[in-house]
Structures are given as structure tokens and as C-alpha cells.
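J.: Protein chains in written order, with my numbering: chain A, 1 to 370; chain B, 1 to 378; chain C, 1 to 142; chain D, 1 to 194; chain E, 1 to 282; chain F, 1 to 677.
These are computed hints drawn from the structure, not numbers from a lab. Keep in mind the model is a prediction, meaning the values are calculated, not measured. Careful, some of the hints might be misleading.
What the hints assert, rightly or not - Straight-line alpha carbon distances no greater than 20 Å define the calculated EDC-like cross-link-like pairs of lysine to aspartate or glutamate that follow:
1) K116(C) with E110(F)
2) K38(E) with E109(E)
3) K156(A) with D247(A)
4) K299(F) with D315(F)
5) K22(D) with D432(F)
6) K130(C) with D238(A)
7) K3(B) with D269(B)
8) K100(A) with D598(F)
9) K238(F) with D471(F)
10) K14(D) with D40(D)
11) K397(F) with D56(D)
12) K421(F) with D467(F)
13) K14(D) with D96(E)
14) K125(B) with D247(A)
15) K486(F) with D509(F)
16) K96(D) with D54(D)
17) K78(C) with E597(F)
18) K100(A) with E615(F)
19) K232(F) with E324(F)
20) K265(A) with D586(F)
21) K36(B) with D100(C)
22) K238(F) with E324(F)
23) K77(B) with D247(A)
24) K173(D) with D132(E)
25) K32(C) with D111(F)
26) K22(D) with D3(D)
27) K69(E) with E101(E)
28) K32(C) with D315(F)
29) K100(E) with E178(D)
30) K169(D) with E129(D)
31) K298(F) with D340(F)
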Amino acid sequence: METFINSRMTISEFIAAIFDKRETAGVAAMAKLPSGNKAAYTLFTDKKSAENSIPFFPAMPVNAAKAVSKFTRQASPSKEVAMFLRPCELRALTELVKIKQAGLDNLLLISFDCGGVFPFKEISISDEEKLKSYVDAFKNGKNCEGIRPVCAACTKFVPKENQADIVISLIGRKPHDPLVMSFPTEKGKNTAKALGIDLPDKTHTSPVAPSTAVESLFKEREEKEKKLKEKIKTGFADTGGLVSMFDRCISCHACSYVCPICYCKNCYFDSQTFEYFSESYFIRMGEKGALRLPVDRTLFHVGRLSHMGLSCVACGMCEDACPVNIPVSQIFKTIGSEAQAVFDYIPGKDLNEALPLLTYSESELETFED
Amino acid sequence: MDKGIWIDGPVNKGVMKFLKGLLENNAMDAVLMPGKNKTGDSNAWFFLDRDGLDESASPFPPVMTTQGAKMVSYLTKKNGSWKKTGVLLRPCELRAVIELAKLKQVDLTNLVLISYDCPGAFPLKEYLSGNQQELDMAFETSLGTQTDPEGLRNVCSICSNFTGSGADIEIGLIGADSKGFWLIPGTEQGEELLKKTEESNSFKSLESRDKLVEAKSVQRKEKRETTLDSFQQSVNGPENLMTVLSSCINCHNCSRVCPICFCRECYFDSRALNSGADEMLRRADRKQGLRLLPDLLLFHMGRMTHMSISCVSCGACEDACPADIPVSMLFTVAARDTRKIFDYEPGRDIDEALPYSVFNFEELKNFEAPYTRQYSKQ
Amino acid sequence: MTDNGYEPKIVAFLCNWCTFTAADLAGTSRIKYQPNIRIIKVMCSSRVDPVFILKALLDGADGVLIGGCAPGDCHYSKGNFYARRKVALAKTLAQNMGLDTDRIRLSWIPASEGPKFAGVVNEFTEKIKKIGANPAGQEVFI
Amino acid sequence: MTDNTTLKDRFFKKYHGEEIQKCIQCGTCSGSCPFAPYMDFGPRQLFAMAREADMDEVLNSNTMWFCVSCYNCVVKCPRDISITDHMYSLKKMAAKESVKPPAMLDLYRSFNSPVEKYGRLTDAAAMAEFGLRHPVAALKNMPLGVKLVLKKRLEIKPRPLDNLSGFIKVMEKAEEMENQETNGKLANMESTKQ
Amino acid sequence: MIMRYGFFPGCSYKGAAGYKESTEAVCRELGIELAEIKDWNCCGATSYWSTQDLKSYVLPARTMALAEKQGFTEIANICNACYSTLRKALTRLDEDGELKEKVNLALHEEGLEFTGNLKIRHFMEILVNDFDADEIKKHVKTDLAEFVVAPYYGCQLNRPWGDIDDTINPVLMDRLIKALGAKPLTNYSAKTECCGAAHMVAHSDSCVVLNRRIVKDAVEKGADTICTLCPLCQFNVDASQAGNKSVNMPVIFFTQLMGLAFGLGKNDLMLNKLLTPFKMAV
Amino acid sequence: MRESIPKIGVYVCHCGTNISGKVDVDAVSQYAATLPNVETARNFKFMCSNPGQQLVIDDIKEKGLNRVVVASCSPRMHEKTFRKACQTAGINPYYFQMACIREHDSWVTEDPDQATKKAKDLVRGAVFRVTHHQQLTSRVVDINPNVLVIGGGIAGMQAALDIADGGKKVYLVEREPSIGGNMSKFDKTFPTLDCAACISTPKLVAVGQHENIELMTYSEVIDVSGFVGNFKIKIKQKPRYVDADKCTGCGVCSEKCPSKVLSEFDHELTNRKAIYTPFPQSVPNTRVIDADHCIYFKKNRCRLCEKFCEANAIDFEQKEKIVEVDVGSVIIATGFETFDPVTISQYGFGRFPEVYTSIQFERINNATGPTSGKILTKDGRKPESVAIVHCVGSRDKNHMKYCSRVCCMYSMKFAHLVHEKTGAEVYEFYIDIRSPGKGYEEFYNRVQEEGTHFIRGKVAQITDIVDSPEDRGKLVVVAEDTLARKVRRIPVDMVVLSVGLKPSSGIEDIVRMVGISLDSDGWINELHPKLGPLATPSDGIFVAGCCQGPKDIPDSVAQGQGAAGEALSLISRGKLEIEASVANIDPEKCMGCRQCEDVCFYGAISLNPVSFVCEVNEAICKGCGNCTATCPNKAIELKHFNNDEILAEMEGILFNFDKFQGDFNQDEIKPDIIEPV
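Okay, chain A solo, but in the shape it has when bound (with noise of 0.2 Å):
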């Protein structure tokens, strides 16, 4: 575990400090929109317009991964830009990075521990009552009413694994306080030398100890993951708790789009092979007296499910997209978590673990036959 180190300076102070001591080109962060009462994750190059910035908003209107995506796929930056990712975006990128839709190159990953965010359409910049409440919650290693269902129960909320340059830990304490840092990678040390923080051996640790307060939060979301998992799959008890599962489900496709997962370009199940000749139709309708339209429409989520479980990271964009208020995120997580344990995998653990399908382990094909 790295050591953490009161950098003594805020939030904004330090985002400057990385522009003016680091020659960093950009900082890419959820921000104040200059139009309207909402935030977007927003790239900047230049510290006046940063000041806008405001990272630890609790919203994701877009995994930040998938921006990330979208940033590094074509070509990454030829300087470093920093960019704040929630520990689930972390995890979706390192599953991108995977799959080559993402590059790791000239990026230094900045995250922070999570306290879930708001379902985008309840939060607004001027909902101050709302965002007192929430970090008041953070202070207090308590989960905030009104965050997201897989928010609430997502234990992975503090960012662990490796692939961060820069961990800031925030549960216990109150974002606008001088930021208590971890650097864990070389990249990650480097900053903290250009920003002039000192590193351990001249030793600055932690003057709170935030331990309690995680624990107390991952106490109560482990209680509250076992709850959503169990509802989900007693949900899922037979072929007519699918049906019920997925009844509303307009067909939309919007929970793929904005999964960051999702890279494909077409999706397969908007593709020609789901698009059938008129008599297949008459001929499906024929065998139960009726046919529900568009057809396929379970299939779409129980394929998804075949092609991103394994690596879905549970951010809970899909249901933020819903219109239609399918609990997509708490299914997908709960099943995606089943379909990983299978394989011993956990999504955006580790990059240089293998996607379970493009592996295998000699043993394992006697034990399957059945």
C-alpha cells in the first residue's frame, strides 16, 4: 500500500499546480457547463479555464473511459494530459486499453475514491442542499440518499489497482480540504517531485486516518451489494422473471451506447443477421399464435451480457440511459459478477491479465463435459 501524504494544497490550487510546475497540456475533469444548471466532463488546456473544473461533482454524464476512448483511440496525445477517472472508469478503461480503444500514452490518470454519483437527471450544479448532503455522507464514511442503486452497492469505490498515477483519498474527509495523496507509479512520483510535495522518506503521512470511514462505507455497501445482487437474481428465478425483467424495454439500444464497454461500432444485434425476412416472422408468430415487436429484444441484453459481463465494471451508465427505468446496471453487475467469478476474472484489475475468452488453461476442458 502506498504511503499517503498531505499535499496541502485544495483541489483547484492543485490542478493549477500541474499546469504551471508540469508541463501538461491538458486536464480533462467534469466541470462547470458554461450554459446551464449542469456539469460535463470537459477537456482543458489552459489553467483559467480549468478553474471551471470541479472533479469530485457527483455525475457521470459519460463514462469517462469511453472519453478516454474517444481521446486515445485514433492517436494519443504528443504531452501529457492529466485526467480524472472514478475508480470505475479506471477499471472500464484498463478493459478499453485491453482492447486496444484506448491508449495509456502521454496520460496521467489522476483518481480519487468514490462516493457514488447522482443519477444525472436529479443533480444539478444548484442543488445545494443535495451536494451538502452528499459530502457531508463522504465525511462520515456513509452512503448518500439518492445516489445511484449500484453506486450505493459498489465496494470498489476506492481505487486500488495500480493503473492511477495519482490516488486521492477523500472518504472522511471533505473535498475542499488540502488533498491527501498517494503516488503510486514512477509517472505518479514524478508529478509529486515537479509539484514540490514531498515524498515519504521526508514523511508527511496521513494526519487523518481516513481507515474507519471506508470501512464503516464498505461495511454498508457490502451489505447493500448482497441485498441488489440477491433482489436481481431472485428477480431472474425462471424464464418468466426474464420476461418481467426486460417487459418495458423499448428496444433502444441506448444502455450499449453509452456502456464503455460497448466499443463495437455496429452493434451485432443491430446488424442484418437480426433483421429477418418478412415469412420469418409470419413463421415465429405462427408457433405462438402472436409476436411481440421489435423481436430479439431479450436477446439483445442476454448477448450484451455475452459480450461485455465479463468485462462490464458495473458504472451504472447503462441505467442512467434507461428511459424507460430497466434496473440495466444492478442486472449487469450481478450477472457480469457471476460470469466473471467463472472465470476468476475481475475486469480492470490488472493489464496484462487476458479477456477469459481469448485464453485458456490446459486443465480445464476435461472438467466441463458433463
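Here the structure of chain A is known, so what remains is to put chains B, C, D, E and F in place on it, guided by the hints.
T.: Below, chains B, C, D, E and F alone, put in the same frame as chain A:
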């Protein structure tokens, strides 16, 4: 047409009986229409034969879960319907079907288009989270009356094309006072089919209906203009537009559910509009900050260029928007102007060519004043 | 035939080199087995997309059999390893989404094992008959 | 006595005797059998006869009664036929068809009866029972018996089970089920099994 | 460390010539606990196989069910017939679910349930396979180097399975004999010839012929003693020499041989119970 | 997408009564006529016959069909036939689909109704699938004229010689130090009793000297890649430690070598040295040092051979070499080895010194063998009686269930030789005598007349237990004389076990390398037992001799020649069409995630760094489809097995048609029932 077959009795039942009759005497083999699931708490589109009809059909849904024209496209895109299929559509869906037929995404072969006087629809999200039974009831009672149910979608409340004209068979509800309905043939095919119904001889004049329709249409048109005008004010200029769109999350859901956006891969998702990181940094530099994902406005504006001419104002996009952006209103406003240029009304007539696919030599001379020149058919 | 006369329909994706050949061999050896299986040839069991399996189940197949080469025998050297993983994934998803995983079976049947093929088919058919018809087959709302 | 075809049928269906159809008559079994010289027919010949439904002769022969369960033939049989088991079946059939009981059947019965009674066997009990049935053979073994008694090896007193009543219940239940089976209830099941 | 096995003595254990005593003594020496299955019953053996359908399975199943209930996972046998009967019942019941159901139906009368989760083993095989030969060598106190032992296995140890050793020419006991420091008669061809088993009672004449062959081969090839592992084999080979003055081949149990090697006492081995007297040549 | 409106013709084959005996073919073809897009549906006695094919061709031409479905046997049998018919008629051969209603239906189904139902389902699947078929072009590749022959036994040598004589280059790979195989161990051959060496030695020499044959002894094939016409072969040449160019074959080294090893060639009846040739006539006659037993390699001293070699041929520094060659076809002739009877413990092989296997007995009879051709016991006696035990390991479920085909004949050859050389009594223990060859039965009669005791019964036991005085010092063979119905115990001096033939070790590796399979007995599966006995399911791979099943010498030679003919015929075509089923990536869909690259076993997929999409090298792609199933984007399609085709077939199979059956097309089209011609 001044007369229609009059059928007495409750509308819902009557329409079902009529459809069933057509299926039973093999005038049609199947019907594509809205329905409900067994528990009755979910509206959807169904493809049914005579056995399935009783079980699942529900001809007048109070919401639009999926746009019917999309369903027709699914069914017929590849070589047309295999057998005779009746399709029961809202007027806006009917218009979309016509547009898609022009775009070759629908094949009208073997289709019998049936439409009706539409009272509008409730917003999907509010319907799903509200008291559905109450809303269902409100909707049903409004069928065939002149009063609109409370809480319709914005686009519905300003819709002036609310009758099923243009269909093979039009179901006349307005003016029937819920005592029954007219079956009005719109085409030769419709006429042929109607001859096969049981009540093929009980005609009743349409005079009363036509008057009411006319009146409602005038009233709606007025409301439409004023509403759109004021809305246009609110989104005028990129600043205002961006405020409206600020909560957009780039899910492109509006294009997914749009019946007219038939592209398999949206151009705005394509590699053509992707750039490298450095290019994006330069853009951020120019604009003092670049929203990620970028090109938000471009997507919406671009989409308008692609389909606003054919936009039938069905409201599906707005229903599907997870961020509650008034997408449909935005498009209706945009389309209002673009249509004027070409005097084009989407879904009006299957033979009316798409504006982009024809031209007129005269136009060239008047390039400086497009608004003054009336578009004429070639 | 069971008492209720229920005849399940089983879709079998068989690899061209081993299991399909074994099915041929069962035929040439005139080994009688249950008639419920319908064979679809694929070149390698790794061609079987998890989506195929899930779609078959959602479309009402009562059982899905995937047949590949015995360990070490794959014509494409390691295809069956990937096949196993794909099927494992499909099974897990099915299991968690209320579809009966007993309806999915993966078997390694070498080309020379006609009797084994017949045995597997009989066994699987019996099992499926015991489980009964796939409810998804008649489920309009799926 | 039941007719030959029915007997063959019973042997084949109920006792899975149809396995002997696989026999290629190589004679390994007879060649391996320690008691072949004393048998009326070797197992090979016996099977050849059973296949052709000479069941009368088969069941009246002494062949199966000489089978000592050494499995020597089974392990060598090139057609993998479980000969010993078929011998058991034929013994059971012969006993049921009330063929004149050979000495071995009596020995078995002498063995079984103390088991049924006490759950365990003592040599003395079995020998005494057998002696009643075959006094000549018993007499022949007399000196040996005396020797054993002298060496304190012959257990005279039976050692009944602790839970003898439970044991007897179990055996009665088994008996009952077996009878049911013969009465045809389960017999159908058996015959359709293959 | 004490090795513990469930133990099925079988009906003839007690009456066999010193088998019980020597086995117990050897176990003490080696630290093996043979825990007798409480309330075991007769396995039924050939007699039941030959006359009964269901009961022939119920008998061994009851003992196995008791063993399961008493928490044993392995049952040690000292009798070839018991060993083979139990194994056969176990295998068949495992293959035939219907039969197992029926057997359990009967066993339920006594509140027993047979699942089949155990292993049937012969004590001799346990000694060879579970114990290091060097471990056994450590206990050897008497030098038996010149003592030639003909290993007589009998029929039912390896048959019909043949999975613990060759069915015709087994060598398990040869290894044990070697470990004890004695000389196994490696070319003993009669090692799996039949002793006639229960036929001894009804057809003693023919059985004597068979047993003579067993003895004669050992004599001709220079054995000092025949070593057996089944009460009935021992009895038959031993007793068949009664009428023949010319041969005098002692037939002992392998446990007795072990006892000899371990230097155990007279009471432990009970060699005096043998019909053909045993005298140590060395 | 439909490239044209499909017009499908469905043809249901009776296959004599093979199909029509179970499946109601009329009902199936009538049913097929009601399926969507089906233009015509017929049934016919034999679709694969000329008139049957003509029917398809005529319909395509007259009715304008553009898709064809034939419901008959397995595609393995006649897919090519009908594709060709389609091509002849002018439509793309891949517009054809076969429904297998024989192997997968009529032959395996008990109930005719069920069989008919299944046939309908299968036909419906095929009809649905064929609708989605695309026009594909087979790829044409040049055929490399070189041939690889694996195995230098009589079959391999014959094949190599025939091809070489045809003017083509042959690589002959043999893992032993010399070619010659099993036949070079034999003395006489049945039934003519001519000397094996006399007929095989000239072949050895011819092979060794042929300019078109590159002989690679002491070598093993370790990898085969590529495809018909263009195989790449990796061959491992083990070091001989003797320079073949310098070695004169004088043999002084072997004389001086102090290390003794049991001879493999003499099946452990004699010793050889650590530097040796297997037998005097070895080709090549270069010696080889057996490093496992060479004192120098074990203890780092000795080198006597080096000291005495005048030619300075010894080279202890030789290293293993991997050689790569390109060939167009491969002939596998790996032959057999004999069954090891040690597992049949009742025969006492290994326990009793006078029990021999038949191949050992061949060596005993051979003039170059351990006894210089005399039949003597190990202690030098002339035997008075000899037992020959048939079917050792053969026809035995515990070992090899098949008949090894040659044992009866060679056993009788032994009987004759024993008679001739020793005058001993010979007992042949047999189950059945199988002598189905030219002059074979006559030979049987001759041996009978010579007084050989033929005892019909499988030997139960061979023992040295002495029952009666005459048994002493002998082995007693126990068997039931099943004809005399008594158990005989016959004391003899010598026992010969006529062991069966089993595939050579290492055959599993070879078949895995070339991608073919073994049958349940371990022999190579040929393409078709009647029509393709020398070909395998892998194009360009042929088999000859015993690797495909037990054979006698004439058959092996015939197969060698036949396989050579196959290979030459392939070469003479010059170019070759290969399956069009390869993966193809749609650059518009590919996102460049390179998952396909990870799962491709052949490295056929790579990323185009400019367009950032993956591309398939069709020449390397083998069409397994792993990438296709892995790509979540479905940018990859496997031609002829793409998603549309497979899912359409599944749809056809799954969905019944009952509801609309009967009212579609019924008026317009009546299925044509063609009476058998």
C-alpha cells in the same frame, strides 16, 4: 368520400371485431398492431394471427413505446410482407411508414394500412411512473370525443394531422361520440376489403365528422404555430440551444428510436468524425475547454439535416431521451422551416418525391431567394 | 416417447471434424438413437458464438448440444479450449437469467465414437424430456 | 416345467443373458475353469445350448452348480461376457424351476438359513444344517470337524446381530420386493429396460 | 501416526487359524487401527449371489451403510470372498440407480441409507499400498533371508476387476514378503489357481485335486511355506493335505508371516491352530 | 442480403430404400414445396446418380433456379458432387446446401413418423440457410510437385519409388536408422514361401540410390502446416554421430564397441553394440551411435570407435537438425508394430523363456537372426513339440477387438517351417482360420496335410505346473478343444504367440499434425472405406499400408502404389481449387480491438496500422471460425458459415411451419414426384 360504413357499439370492441372478421374470412393473414401483455401492464407491438388477436391486441394504446413505422420496416424491409398483413397505425406512424416507403425501408406490398383519429399519447416516462390504470381510463374515454385527455405529450397537443387520412382504411372516431365508428375506405384496396365486412351495407354520412375534424384542425394549427414560435424563441441561437442541450449525454437514443433515422451506423459515430488526441487538444485550446464527448451540437444539427424533412413529429425521441430534452419539439421547429422551402409534407402522399431526390430547373435561377420560390413537383 | 407425448427439439452445433463425423459414423453403423436432435454443422466448436446458444434457448429450443473434438484432438489445435470458455460463459449467463442451464450441454466426442455420440444424444434427450418443454418457446414476451 | 422358449426369454430379458449372444465359442472359459472336468458341459457349450433354447438340458445340467466364482473365465473372456453372473442367474433359474436340487444348492441353503436367522454365519451352524441334508458328505468331513474342534476353531454358539430385529425387517422387506417383482409388478420394468 | 480403517472381519475371521490374533498383533506393531464396523452382518458371498436377487445386494449394502453411518470411508477386509462381494455390490449399485433405490427401500426399514461413498479394500493391499516398504522393514526383527515363501493369492482378490494388480500373475504380496526380508517364490505358477472354495464341503474329492496342484507347485519349486490372505483359501489348502502323508506344506496367513518377521510371540500368531504343523526352518 | 430473389429447388433422395424405407419422401418433398422461396420440390430414387444430377441441372436451366437443396446422405459423401452439378448448370456451387437425412435420420431413427418429421425439419433448415448463401469463389493454388512419404517400410518404399520413377521429388522420412520396416525382419513370406530379404533388399537399394528420393533416416516429422498443394514440413534429424559421407560401412567400429544393448531389430533375442546398423543390409549403411547406451556419452570416456575408424567418420559433435521442406502432398505409411503380449499374463510371455512372440520367431527363422535360422530352444535343444497360439491380442475386447488379418497365415507358415526344420509336432490353437487370399486356402490345406494339429479353441493358460510326469520341463498349454468338447493340456517345448498388429507408436502425433483422425482401434480413418481407401479427410494427405489397418505384404505394396498414383494425379493437375470458407473482415465494422488476432491459431489475422482495422490473410486462414465467434462487432464473417447462414438454419430447424403449411404456394406448385427410372 362522404359516406362511411357505420359500426355501432364500443370502439375498442368494434375495431377488434372488424379486424378479426377480416382475418377470419382470409381477407388478411395477420395483423400488426399494438397490444398488451398478459398481465396487462405493458404496451408493445404485436404481430398476430386470429388466435393471438383476442389474447394480446389492444388497438388504442395510450403511449407510444416503439414507433409503429419501425415495426413495419422490420416486417417488410426484406422483400415485403410475405402475406397479407393489416397494420393498425397512429396517423404519425402512418406518415412515417409512407416516408420509409419512399426511403425503401418499408415495402408496402401485401400491407393494408389502417389508421384512426388519434387523441395523442401520454409521455412514456410519466405513464410508466404514474397511475397507469387511471391514465388508460382517461385515454379510453377520450376516444371518439372532442376533448383531449389531460397531460398529453407536447408534440401531440400541437399535432394538426390527427386523422388517419391516407390509409387504406380510416377509422373515424371524431364525431362518433363513442357510440360507434366509421370505416372509411381510403384506397381501392380499402374499398375491396370493406366489402368483405359483415356490416358492409350500413352506411352513415360523414358530414358531421368532417366538420368537427376541420374545426379541430384549425384550432390545433393555431396552437401549433404559437407554441412553436415561443419554443423557437427559447432555443434561438447556439447559447440557448446549448442550454437546452446541456444535459445531453450523447446516448444517441433519439436517433435510435427515430423511425426515420434508419441508418445502421450513424454517420456521427463513424470514424470520419473521430480525430486524434492532439487535434482534440487544439480544439479545446480554441474553445477554452472541450466537452467530452465532443460534437454534441453537431450530432443534433447534423441529424436535423438528415431527417428533419421527413420528421413526422411522432415524439418517440422525446419519450426515449433519458435527459428529458425536448428533442421532438426541437425537431418540429427545425422541420417547420425546412419544409417550407420545398413545400413538402412528410407522409402526405406516397408519390410525392423526397425533396432531395428531385429538382426543378427553374430553381437554379432563384438561388438567392429560396423562400420566395414555391417548390413544384416535377 | 414419454407419456405426454412431448417431443423436445434439440439443436446441436457439431464440429465438422469430430462430432459431426461421429454422427455420420453412428449413422453408418445404424445405431438407433432418439430422433429429437437437429444437427447444424460448424467447422470448429469454437465457431459457436455464445449468442447462438442463448438465441436458441430464447427462440424455444429445448436443448442445445455443442459437440467438439476430444481434448488434444482439435483439428485447429486449440479450438475446443475456446469453445469451452464460450459455452461456460453462455451457461453462466443463462443460469443467472432464469434459463435452465441443464438445456446446454457440451460434449467432446471423437470422430471414431459413433456409439458415444448416440449415447450422448440419448442421455441428453432423456434429460431434456425430464426437464420438459422450454417455457421460452411459448413465451410471446421474450 | 416352463417351456424352453419362455425360459430362454426369461434368461435373456430378466437376467440380461442376451449378453451371451456375443460369445464366439472360443472355449477360453472352459479351458480356464478349475471344475471344467467335472461339469456336464463347459460354460462355452452351455451358452451354445442356451442360445438355441435347450434350456431344459441347460437347467438340468450340473455346470452352473460347479461354478466356484473364481472369475478366471471372466477376466480372460475376449468378448467381455460376465460368465460368472450368468452362472448365478442359471442357478437361480434352476432352483426356481424345481429341478432336483444338487448338493451345492443345499449347501447354499444351509449357509443362508443361519444368516437369515442371526445375520451372521458360524461354520458349525452351516455344517450342521448341511449335514442334516447330506449325511454322507458330512460323515466324510467328520474327522476334519473333530480336528477343528480340538484346535478350538469351530464356533458352536451363534453370534446374532445386536439389532437383529432391524436386520430381519430389512430382509423381509427385500423378500417382499423380490416377490412383487416376480409377481410381475416390476418384472415389466425389468424386461423393458434393455 | 495411527492409520484408522473401518474393518469388516466377516464370519470366518474368528475361526480361522490364528488370523484374528496375528492381524491384531500386526496392527498393534504397525500402529494401525482396524475399527470393526458395529453390528456388521454376513456379506452373503457366493451363496447369496447364487440364490437370491435382491437380498444378495441388501446384505453387503447393509454393512456398507453401517460403515457409512459410522463415518468410515474405507472398509478393510481380510477375506477374499467378503472383499469381492462388497466390491461387486458397491460397483453394481453405483451403476444401477434403480437397484440402489430398491436396496435403500429395504434398508430404510432399519433407518439405514446406502450412498456408495466408500472404498472397499483388502488389508493386504492396504499394507502394501498405504505403507512404505521401508516403514515395514523397520519393524523386522527376525532374519528370514533363507525362508522361501510361496505367495498364494486365491481367485477373488483381483478378479474380476484387476485394478489393484494383475489378475493372473499378481505380485502385491511378493512385495510384502520381500519387505519382510523373506524370499518370495517368484515363479510360483499356482498363485491364483483355484482352491475350490465352498465346494470343499460338497465336492471335497475334486477340490483336493485342485489343492494338491497348489501345494505341489510350491513344493516342487522349493517353497518353505505357502502364505495366504483368505480364511477359506487357507483352510482348503491346509486341510486338503490331511489325507496325504507325503507332503507337509504349512499354509500360513500373511499376518502370521509378518508376525514371524516382527518377532512376535506364540500367542500373537497362534500357529498351533494350523492343521499342517508349521516349523520354522531357520 | 439476397443477391437475387431466391428460387430454390429441393430434391429429396430415396437412396434406394435407405432413406425411403424410413422417411416418407413424398411427404417431405410435398412439404418442401410449401416452404418460402421454394420453386420446385421433387424426390428421386438416387440423387447422386447421373439422372439425379441431371434433374438438378435441367431444373436450374429450365426453371431458373438459383439455389439448390438436396436432402440425402451426409455432406461428406456427396456435397462435392452436387456442387459440381450446380456449377455445370451455371450457378455458383456455393448456392447449394445439403440436408443429411440418411446418416443423421433414416439410419438412426426407429419410428418412421419421427424420422419424417426430422427430415422435414432438416430440409426446412437447409432451405432457410440456402437463402442466405453467398456467391463464393474457391481459391486456386499451385500444387507443389514434391511429395513427403512418412515411413520407410514396404508400403512407403513402394510409394516413394513409384513417385520418384514418375519424375517427382520425394522426401522419405524414416525414424529408424535404416529403411526396410517390419518386412526386413521376416524370413519367408506366405503362401509362396519366397524369401522376404530377396524381394525387399533390392527395393531398399533402389530407394537408397534413386536420384529423386531424398532419404531422411533417423528423422521424424515434427510439424506439418499449410494445406493441400502447399504443405510446409518440419523434420527433425536426430544426430547419428557418424558422418554419412565418410562412413564406409566397414563395421570395425561395431566390432570394437564395448557396450552391449538388446537388439530392437531382433526383438531382444540378441545384443547389438552402441554403434550399429540395425541389420547387415541396412540402407543407408551408415552406422549410428545410440547415445543412450554409448559409454562416451554416459561416462565421457571410451571413444574406441573413433580410434578405430579409418575414415574418420565418427563425429561426437553432431547436433540435432531441423530441416524444413515444402511439399504438395503427404503419404503416411507408418505401418504397424506387434502387440506386446506381456499384458496377457496367462500366456506367461516374459515369465517363461520358451514363450516367443511371432515376430521373435520370424527372427529365429531368419538366417541373419539369433540362431542363424535354426529353430532351437534357449538352451539349444531342438523342440519336439511346438504350440502356436492364434489371436493373441486380436479379437479380444480386453486388448484389440479387431482381427489382425495376417496371423492365421503366418502361423501356418511357422507350422510348415517347424515341420520342415525340426520335424516336431505342431499344435495350432485357433478360433477361426482366415485364409482369404490367392493361394492362402491351398496353403492351409497343405499345412493340414503335413500333420499339424489344428485345435479349435483359444488357449486359456500356459503354465509350468507339473500335473503329470510328462509335463516336467515343458510348458503345458491348456485349451478347450471345442470340436472334441474336452479340455486339453498339451505339454510342449516352445510356444509361439501369434500376436496381432497395432498401429505404430507416434501415429497420434502424425495424425494430429496433419489434422486427421484415428478410428476407435487407433488406425487412421480413411476418407471413405470403399471409395476413398487411400485418401483422408484432409486433402492432399494419403495413407498406404498398415497405418490404415492390418494388411499383408501384397496389399501393402498395392496401397503404396495406389497412394503414389493419388499423389501423382494430384501433382499432374498443377493447380487446385480449395474451399472458399475463410474469414473475411468488414473494415467498416472493425474497431481494431485485435481480439481475433489473439484467438487465431494460425496468425492469419493482423492489424493494418494505417486504417487501424484487422485483415485476414486468406492463404493462411483455415476457416475454423473462432475469430468470427469472438468478434463482438461481428465485423468478421466466416464465408459459408456466417452468422446469417447459421442462425437462419437454426431458425428453420426450430420453427415449425404447421400454421401456414398448406396454404402457401399450394395452388401454384405441386411437388413433382418423379418415378424412379
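J.: Each hint needs a verdict: does it hold in this structure or not?
T.: We went through each hint and held it up to the structure:
Proposed proximity of K116(C) and E110(F) is supported: the alpha carbons are some 18 Å apart, at most 20 Å. Of the supplied pair hints, the one linking K38(E) and E109(E) holds, its CA atoms being roughly 18 Å apart against a limit of 20 Å. As the CA atoms of K156(A) and D247(A) are separated by approximately 30 Å, the hinted pair breaks the 20 Å bound. Of the supplied pair hints, the one linking K299(F) and D315(F) holds, its CA atoms being roughly 17 Å apart against a limit of 20 Å.
The suggested pairing of K22(D) with D432(F) holds, with an alpha-carbon distance near 15 Å, which does not exceed 20 Å. At roughly 17 Å between alpha-carbon atoms, K130(C) and D238(A) fall within 20 Å of each other, so this suggested pair holds. Taking the CA atoms of K3(B) and D269(B), the gap is about 51 Å. The hint is violated against a cut of 20 Å. Using a Cα cut-off of 20 Å, the hinted pair K100(A) and D598(F) holds, with the two alpha carbons roughly 12 Å apart.
A hinted pair counts as satisfied when its Cα atoms are at most 20 Å apart, and K238(F) with D471(F) does not qualify at roughly 50 Å. At most 20 Å may separate the alpha-carbon atoms for a hinted pair to count; K14(D) and D40(D) exceed this at roughly 25 Å. Between K397(F) and D56(D) the alpha-carbon distance is near 31 Å, which puts this suggested pair outside the 20 Å criterion. Of the pairs offered as hints, the one joining K421(F) and D467(F) is violated, with about 30 Å between alpha carbons and a cut-off of 20 Å exceeded.
Pair hint K14(D) plus D96(E) holds up; C-alpha atoms about 14 Å apart against a cutoff of 20 Å. For the hint linking K125(B) to D247(A), the alpha-carbon distance of about 15 Å falls within 20 Å, and the restraint holds. Simply put, K486(F) and D509(F) have alpha-carbon atoms about 47 Å apart, too far for the 20 Å limit, and the pair is violated. Simply put, K96(D) and D54(D) have alpha-carbon atoms about 17 Å apart, close enough for the 20 Å limit, and the pair holds.
Using a Cα cut-off of 20 Å, the hinted pair K78(C) and E597(F) holds, with the two alpha carbons roughly 14 Å apart. The straight-line distance between the Cα atoms of K100(A) and E615(F) is roughly 15 Å, inside the 20 Å bound, and the hint therefore holds. Under the criterion of a C-alpha separation no larger than 20 Å, the hint pairing K232(F) with E324(F) is consistent with the structure, at around 7 Å. Note on K265(A) and D586(F): the hinted pairing holds, with a Cα-Cα distance of about 11 Å set against a maximum of 20 Å.
At roughly 27 Å between alpha-carbon atoms, K36(B) and D100(C) are farther apart than 20 Å, so this suggested pair is violated. Restraint check for K238(F) and E324(F): satisfied, since their Cα atoms lie roughly 14 Å apart, inside the 20 Å limit. Simply put, K77(B) and D247(A) have alpha-carbon atoms about 25 Å apart, too far for the 20 Å limit, and the pair is violated. Distance hint between K173(D) and D132(E) is unfulfilled; the C-alpha atoms sit about 46 Å from each other, more than 20 Å.
For the given pair, K32(C) sits about 10 Å from D111(F) by alpha-carbon distance, which is consistent with the 20 Å threshold. Taking the CA atoms of K22(D) and D3(D), the gap is about 24 Å. The hint is violated against a cut of 20 Å. Between K69(E) and E101(E), the direct Cα distance comes to roughly 18 Å. Compliance with the 20 Å bound is thereby established for this hinted pair. For a cut-off of 20 Å, the pair hint linking K32(C) to D315(F) is broken: about 63 Å separates their Cα positions.
A C-alpha spacing of about 14 Å is found between K100(E) and E178(D), which places the hinted pair at or below 20 Å, so the restraint holds. For a cut-off of 20 Å, the pair hint linking K169(D) to E129(D) is broken: about 24 Å separates their Cα positions. The hinted pair formed by K298(F) and D340(F) fails the criterion: a straight-line CA distance of about 29 Å is larger than 20 Å.
Violation of the numbered hints given earlier is confined to hints 3, 7, 9, 10, 11, 12, 15, 21, 23, 24, 26, 28, 30, 31; the remaining hints are satisfied by the structure.
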